[in-house]
Amino acid sequence: MTIVHEPEAQRFAIHRASDAGDEVVGEAHYSFPSAGVVDFDHTLVADSLRGTGLSGLLAKRALTSNIAREHTVRASCWFIEGYIDKHPELLNSRD
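Sequence positions in the sequence shown follow full-length UniProt numbering and run 1 to 95.
Please keep in mind that the hints were generated in silico from the structure rather than gathered at the bench.
All of these numbers come straight from a predicted model, not from anything done at the bench.
Hints are supplied without guarantee of correctness; some may be wrong.
[Unchecked claim] Ranges between beta-carbon positions, derived for each pair: (1) Gly21 <-> Thr72: 35 to 43 Å; (2) Pro88 <-> Pro33: 19 to 27 Å; (3) Glu70 <-> Ala9: 15 to 23 Å; (4) Asp85 <-> Val37: 17 to 25 Å; (5) His5 <-> Gly36: 14 to 22 Å; (6) Asp85 <-> Ala17: 30 to 38 Å; (7) Glu70 <-> Ser18: 28 to 36 Å; (8) Asp19 <-> Glu81: 32 to 40 Å; (9) Pro88 <-> Ala17: 32 to 40 Å; (10) Arg69 <-> Ser18: 26 to 34 Å; (11) Ala20 <-> Glu81: 28 to 36 Å; (12) Leu49 <-> Asn92: 26 to 34 Å.
A virtual CB, placed ideally from N, CA and C, is assigned to each residue, including glycine.
Generate coordinates for the entire structure from the input sequences, incorporating the hints supplied.
Dropping the structure here:
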């Protein structure tokens, strides 16, 4: 599995190779609600992979990306908000 930033879709995605080809099994979406602000607004992981730690890896990848470093971070997604509360050292600036 790999975590990939897909800026055209405004998301970080977990890709998994399978017999059917590449499939997305997790996503962390973001938007830019105002100048200088990035809002991580939705995170999901496939039901079969919940509880495996992938959501945490996805959150960490998103919050340590250039997108997060170059913007004030807002977390309207409850999972990202909780992850930030546990790991505030990951952010330069939080809204």
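For each hint, the structure was consulted:
no.	hint	result
1	Gly21 <-> Thr72: 35 to 43 Å	38 Å, holds
2	Pro88 <-> Pro33: 19 to 27 Å	21 Å, holds
3	Glu70 <-> Ala9: 15 to 23 Å	19 Å, holds
4	Asp85 <-> Val37: 17 to 25 Å	19 Å, holds
5	His5 <-> Gly36: 14 to 22 Å	19 Å, holds
6	Asp85 <-> Ala17: 30 to 38 Å	33 Å, holds
7	Glu70 <-> Ser18: 28 to 36 Å	34 Å, holds
8	Asp19 <-> Glu81: 32 to 40 Å	36 Å, holds
9	Pro88 <-> Ala17: 32 to 40 Å	34 Å, holds
10	Arg69 <-> Ser18: 26 to 34 Å	33 Å, holds
11	Ala20 <-> Glu81: 28 to 36 Å	34 Å, holds
12	Leu49 <-> Asn92: 26 to 34 Å	30 Å, holds
This entry satisfies every hint, going by the numbered hints stated previously.
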